[in-house]
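K.L.:
Each chain, written out:
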Amino acid sequence: MIRVQREDFDTAAETERLVGGQHDIGAVVSFVGLVRDMAEGAGASSMTLEHYPGMTERELGRIEAEARARWPLSETLIIHRFGRLEPGDRIVLVIATSPHRAAAFEACWFLIDWLKTSAPFWKLEEGPEGSTWVDAKGTDDEAAARWQK
Amino acid sequence: MIRVQREDFDTAAETERLVGGQHDIGAVVSFVGLVRDMAEGAGASSMTLEHYPGMTERELGRIEAEARARWPLSETLIIHRFGRLEPGDRIVLVIATSPHRAAAFEACWFLIDWLKTSAPFWKLEEGPEGSTWVDAKGTDDEAAARWQK
Amino acid sequence: MKLLYFAWIRARIGIPEEDLSLPAGIVRVDQLVDWLASRGPGYAAALAERGSVRVAVNQEHVGLDHPVRDGDEVALFPPVTGG
Amino acid sequence: MKLLYFAWIRARIGIPEEDLSLPAGIVRVDQLVDWLASRGPGYAAALAERGSVRVAVNQEHVGLDHPVRDGDEVALFPPVTGG
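So the sequences go chain by chain: L, P, X and B. Under this note's numbering, the first residue of the first sequence carries the number 502, and numbering increases by one thereafter. Under this note's numbering, the first residue of the second sequence carries the number 502, and numbering increases by one thereafter. Under this note's numbering, the first residue of the third sequence carries the number 2, and numbering increases by one thereafter. Under this note's numbering, the first residue of the fourth sequence carries the number 2, and numbering increases by one thereafter.
If you're looking for bench data, these hints aren't it; they were derived computationally from the structure. Be aware that one or more of the hints could be misleading.
Claimed, not checked - Just some of the chain B residues that point at chain P, by a computed CB distance under 8 Å:
id: 1; residue: 9
id: 2; residue: 62
id: 3; residue: 67
For glycine and all other residues, C-beta sits at the position ideal for the given N, C-alpha and C.
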């Protein structure tokens, strides 16, 4: 399941919705990404997450389908926020559930790694010296490349 | 942080306690283990988790310290339940937080893998044909061995 | 053709989207980007770092040799930084 | 010496713990397990599958060659199955 939204999300409620009443799920692995304070003591840095409506949902759906094809998963969920966010705010939630923990860990990790290099989001950071667009990280490309078959 | 308890836990509240107000955490990875219905349609199977009070806390503390020595983590939490549990019940919660997601994923995975082969818990399962002690799994030993340096 | 711009490419071009008719002879993404860069200083600045320009055609990531047609939705943006 | 038994080892021996004085000459874990197994049919049954008996001395996992002393807390249990 995919959601792209401005509002915050409730990890516990989302997890309960995925897992509740099912008795064949042994493992629930979740990842929450938070806004870090990049200004490092020089004052809190807010950011604005821009995205490409339509393509974002498409890309997230594509990587979710890929994860479900690769691993024996019970449920998957990706929620990604856009709009203005403050340090400490939640940005993204990824949950993968499975009878077995290895599949849940691998799928959750795969989803966030791929999302980072494929879903069309961009971050405009407000630092003490003005706004700057966050550069994509080479380490993110490397993290995603690990999952290439 | 380590807790061994009979009561259920509230993943959201525990996460908030670990993460709340901190702005240098970028990644929160959590694992929840649930009781699977092993009877596979032959009726729900409850289980009773026995443990070794004292040694359990020691072992969990030891593997937590090991994780914190291996990865740059902000916070870690392990909560493990004991006593009688029904299918769908939560057994164990592991959370690892870090500025970076790779450390959080690896540490969380390491913690649950090691816990499974080192923390002194035993499962007595009530199936349709009586109670049986759950055998340790060779796959768990292999999962833990991956982390040997 | 519908063109969409995001992040600093949008900021430098100055508009988030526009409708354009493809000039004759422009049939691939790289030709489209070259032509857009010639449309004015904002476009030129936005597309100067050609290695940092990513392209989606009809909401799918594509390479520079991907074909473009007049009915396409084409988006230009920097490397993505979600998550 | 305080002895603790868990899971099916406890079930077969029939008691969860006991206090014992170590007989002379028993200075290692394997000697302790052999001696316990000779104490009666419950002990023998509990410790028959020697490859499935794990030992902790003073709440730490140890091997069969670990020393034991009279003041130790020694636990015998099957391979653990938490998580």
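K.L.:
Can you list which hints this structure breaks, lowest number first?
P.N.:
Number 3 only.
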